[in-house]
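2 protein chains.
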Amino acid sequence: MKKIVGAIAALVLPCLAQGQKTWPPKPAQLAQAVREYRLENEDRIVRELSEFLALPNVATDAPNIQKNAAHLMEMLEARGIETHLLPITGRGPVVFGKLISAEAKRTVIFYAHYDGQPVDPAAWTDGAPFEPVLRSAAIEAGGKRIPFPTNGANTRGAYNDDWRIYARSSSDDKSPIVALLAALDALRAKGIPLAVNLKVILEGEEEAGSPNLQKTLELHKNLLGADLLITADGPVHQSGRPLVFFGNRGDIGIEVTVYGPVRALHSGHYGNWAPNPAMELSRLLASMKDEDGRVLIPGYYDDVTALGEAEKKALAEMPENDADLKRELGIAKPEGRGKKLVELIMEPSLNVRGLRSAYVGSQAQNVVPEKAEASLEARLVKGEDPKKKFEQIASFIEKQGFFVVDHEATLEERRAHARVAKVIYEGGYRASRTPMDLPVSKAVVEVVRGAAGRDTVIMPSTGGSVPMYIFEDLGLQWIGVPIVNYDNHQHSSDENLRLGHFWRGMEIYGAILAALNW
Amino acid sequence: MKKIVGAIAALVLPCLAQGQKTWPPKPAQLAQAVREYRLENEDRIVRELSEFLALPNVATDAPNIQKNAAHLMEMLEARGIETHLLPITGRGPVVFGKLISAEAKRTVIFYAHYDGQPVDPAAWTDGAPFEPVLRSAAIEAGGKRIPFPTNGANTRGAYNDDWRIYARSSSDDKSPIVALLAALDALRAKGIPLAVNLKVILEGEEEAGSPNLQKTLELHKNLLGADLLITADGPVHQSGRPLVFFGNRGDIGIEVTVYGPVRALHSGHYGNWAPNPAMELSRLLASMKDEDGRVLIPGYYDDVTALGEAEKKALAEMPENDADLKRELGIAKPEGRGKKLVELIMEPSLNVRGLRSAYVGSQAQNVVPEKAEASLEARLVKGEDPKKKFEQIASFIEKQGFFVVDHEATLEERRAHARVAKVIYEGGYRASRTPMDLPVSKAVVEVVRGAAGRDTVIMPSTGGSVPMYIFEDLGLQWIGVPIVNYDNHQHSSDENLRLGHFWRGMEIYGAILAALNW
Chain A
1 MKKIVGAIAA
11 LVLPCLAQGQ
21 KTWPPKPAQL
31 AQAVREYRLE
41 NEDRIVRELS
51 EFLALPNVAT
61 DAPNIQKNAA
71 HLMEMLEARG
81 IETHLLPITG
91 RGPVVFGKLI
101 SAEAKRTVIF
111 YAHYDGQPVD
121 PAAWTDGAPF
131 EPVLRSAAIE
141 AGGKRIPFPT
151 NGANTRGAYN
161 DDWRIYARSS
171 SDDKSPIVAL
181 LAALDALRAK
191 GIPLAVNLKV
201 ILEGEEEAGS
211 PNLQKTLELH
221 KNLLGADLLI
231 TADGPVHQSG
241 RPLVFFGNRG
251 DIGIEVTVYG
261 PVRALHSGHY
271 GNWAPNPAME
281 LSRLLASMKD
291 EDGRVLIPGY
301 YDDVTALGEA
311 EKKALAEMPE
321 NDADLKRELG
331 IAKPEGRGKK
341 LVELIMEPSL
351 NVRGLRSAYV
361 GSQAQNVVPE
371 KAEASLEARL
381 VKGEDPKKKF
391 EQIASFIEKQ
401 GFFVVDHEAT
411 LEERRAHARV
421 AKVIYEGGYR
431 ASRTPMDLPV
441 SKAVVEVVRG
451 AAGRDTVIMP
461 STGGSVPMYI
471 FEDLGLQWIG
481 VPIVNYDNHQ
491 HSSDENLRLG
501 HFWRGMEIYG
511 AILAALNW
Chain B
1 MKKIVGAIAA
11 LVLPCLAQGQ
21 KTWPPKPAQL
31 AQAVREYRLE
41 NEDRIVRELS
51 EFLALPNVAT
61 DAPNIQKNAA
71 HLMEMLEARG
81 IETHLLPITG
91 RGPVVFGKLI
101 SAEAKRTVIF
111 YAHYDGQPVD
121 PAAWTDGAPF
131 EPVLRSAAIE
141 AGGKRIPFPT
151 NGANTRGAYN
161 DDWRIYARSS
171 SDDKSPIVAL
181 LAALDALRAK
191 GIPLAVNLKV
201 ILEGEEEAGS
211 PNLQKTLELH
221 KNLLGADLLI
231 TADGPVHQSG
241 RPLVFFGNRG
251 DIGIEVTVYG
261 PVRALHSGHY
271 GNWAPNPAME
281 LSRLLASMKD
291 EDGRVLIPGY
301 YDDVTALGEA
311 EKKALAEMPE
321 NDADLKRELG
331 IAKPEGRGKK
341 LVELIMEPSL
351 NVRGLRSAYV
361 GSQAQNVVPE
371 KAEASLEARL
381 VKGEDPKKKF
391 EQIASFIEKQ
401 GFFVVDHEAT
411 LEERRAHARV
421 AKVIYEGGYR
431 ASRTPMDLPV
441 SKAVVEVVRG
451 AAGRDTVIMP
461 STGGSVPMYI
471 FEDLGLQWIG
481 VPIVNYDNHQ
491 HSSDENLRLG
501 HFWRGMEIYG
511 AILAALNW
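So the protein sequences, as listed, match chains A and B.
Numbering-wise (the numbering used here), the first sequence opens with residue 1 and increments by one.
Numbering-wise (the numbering used here), the second sequence opens with residue 1 and increments by one.
It should be emphasised that the hints constitute simulated quantities derived from the structure, not laboratory data.
Be a bit skeptical, because a hint or two may be false.
Subject to a maximum C-alpha distance of 20 Å in a straight line, what follows is the list of computed SDA-like cross-link-like pairs (lysine to any residue) [said to hold, decoys possible]: (1) K399(B) / A264(A); (2) K26(A) / N197(A); (3) K326(B) / A416(A); (4) K98(A) / L474(A); (5) K333(A) / R415(B); (6) K326(A) / A416(B); (7) K67(A) / K26(A).
Only chain A is shown next, with the shape it has when bound in the complex (with noise of 0.2 Å):
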């Protein structure tokens, strides 16, 4: 391990400022000489991200995520960036670092995270979730395990862009830190100055939910002063296009419980005479959307933050695949009224995630259930508050005839009330979304359209649920700019890497250092 970070080290060139005939360089100029960099060392680079996978990385196991902490110090300051750990007790840190560029009037901070999600190693097809191999292509496409070329004079391009490499976090999210690295000693190798100064922060325990992410940002709040945020978390869009996306959506989590007698009755002695919860349970969710998926709940749409002309305008570029989704998916109707999926995802949601009352199937009683209960989630867009839309919905519910309590009802409240629920709020956070039309939003879309190609998909917002509102609420522009490849089994068995994906997520974050200029 010693070995590869010293010879980086060694690498690490006088920057070159003012030696490009015009400035900033063309984004396409840069990848190209990424390129160059990337296919003169690619034994050079996949052994480093190799050293990096073998470091058992999940956020509970203190030890050996404090070791990958020293470990990406190492690499960092192997290329001159001056780091910090911000610690985290009996957790991994978050390694912060910093490298200020002469010329650069932006500062842009780099996230990602090097923990990973827990192993089962039985599930592994290779059974060592921490010793990376090489396949010649996916395993669901036949691929084979296949030995690293030697190092040596002949390896020019001697990976192709099909292989796989497996280990954990080998896609979520180790491998986009050494594209940064990468893409770093690249420029410096062929004597082009940084654009703008870079900062990282390289977070310990995202997979186990980011518990104290924000706090610990807080408390360094001064050393991340910076124009821009990206995020590197996340694969491309699933066409295998790059992508860059602007936002996502927030998420609440309420649970329901509707209550029928203190005790399940016999149906017999009791049924069309004791109220079922069950069916006044499923009468509330009822009435909750119509058969197009609308909410009818008075208000729901109205705190949503529009979608502006350049949102509008990249939705409608977007590659859609609905027609292969419903079939893969044995969907004959989506919901929203003809609307694609791209579109949809950018509003906000009501889903019923569960159900449960009593029993069914083999396990089924005749009994009318004391309660029926359902789990519900709202995705949230841009411009919603959370606690806001939570009391919309608890009010909904009121105003369908329910006493809604915060707490187990008690016999008193059950036998005053016609229909007693409870709904309790499970917490969540609102949806962040940078605007598409700022200078720095068209800036990000124009380098890495110059770098990765005109058909990168930009997306306004994805349709799930980062908390990047820590980010917003320390007063940081994010944009996210993944590289890693879609079918990568991300948190699953046998994560993988494409190296084509790979190479081009180097050029990408290349073009971005020199190149990015609002």
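Since chain A is already given, all that's left is putting chain B on it; use the hints.
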């Protein structure tokens, strides 16, 4: 055990057919005669019951359940009852008995079962469900364990009416058998002839669902000529008052599965687009009934055989404890637009007995579930056909826009139809009800009221379901004359028999045997 059975055999006296001034005798006089006998023979009667209760009687425990049958045969033959064991392979036989009375023109079959629910000794206060225990009152009323009074000259009336015997089947359903035989002994001791020929059908697998009863009885149909069947199973009215009932409801089970996408989908990436099966199921269920519990399925009430005047009058006279039940069960407003519980259970019902889709509470996942299941159950009343009822419901589901299948839906079916529901008929059986204005019905009511009191509750039908159609199919009218206390913990731990009910049961059965005439 032998001692008691032998002693009883010695009691058998010649029937004094014409020993009465008027024939048949008044039920109240007969009750008095049985009471006189009982007061002198409490120890003997309780010992016979205790010996019977000491035999473990779970239907699937073949050696023991067959011991119960052999013991029963001794008990019957000791009374000169011609007894046959109608065999069921590997189970307890149907114990059939016949006792002809020279003067009788009618034959009455007495039905009861000698098997009991499975036991969990650890859940019983006294730890041994097959070791009968005497207590001074119900456990929940602070009843203490007391010794059985010593056999001897001073035992007349030694047993208090409120004392209880704790043991499996003490109520359900061994004590009615012992009560019948003790009533027979009493009549003989007092020289009172039987007014009817008596047959008994004592089943050994009722608690296991009577899987072989119909088949076994059909095989021995020649034995079953009779004018009436009296079932002794079940408790009296919850008010503690005696009960005569004339019917029960049928019951069918239906399992409904509504399909979503072929696998649970990330609710962020697919919510608002992928149809949610939990929501579709809710909408379907909500369409089935109105807020008062009235079923909205066309024709749902069409086949109901209307209650006659006698039934309506009986209902109007039934004790009403709806207000108490509401308080006890925490129900503010029952279904049924103000009708009483006893009226509502005379109607067909449609009950959601269970719901399931993905997970709720701490297990909830942010998914669009792949399916949602409801377990439905319909109680049927006289006039309704189980299969037709199922088809009515399935056809309604179809009219609500579902493509209905009777198998796990295929991918092709899911691709082709916006809504797909698997609707499975779990089977069931029809209701059974003997008209209350038949001469036999009036005669039974008259005898029971005469023996047990004018406050005897007369119920056209119970709300529950017991497959009494089996006897209807054999051409037998049937009437329910239960005797045991309502709070007997049947099917549960600490099953018990209140002696006052047991004593009164003997008087009722004695009156039926000696006075029933129509």
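Hints and how they fare:
Of the pairs offered as hints, the one joining K399(B) and A264(A) is violated, with about 31 Å between alpha carbons and a cut-off of 20 Å exceeded. In summary, the hint linking K26(A) to N197(A) is supported, as the alpha carbons are separated by about 18 Å, within the 20 Å threshold. For the given pair, K326(B) sits about 10 Å from A416(A) by alpha-carbon distance, which is consistent with the 20 Å threshold. For the hint pairing K98(A) with L474(A), the CA-to-CA distance comes to about 17 Å; that is within 20 Å, so the pair holds.
For a cut-off of 20 Å, the pair hint linking K333(A) to R415(B) stands: about 8 Å separates their Cα positions. Our distance criterion of 20 Å between C-alpha atoms is met by K326(A) and A416(B), whose separation comes to about 10 Å. Distance hint between K67(A) and K26(A) is unfulfilled; the C-alpha atoms sit about 39 Å from each other, more than 20 Å.
In this structure, the earlier hints numbered 1 and 7 are contradicted, and the remaining ones agree with it.
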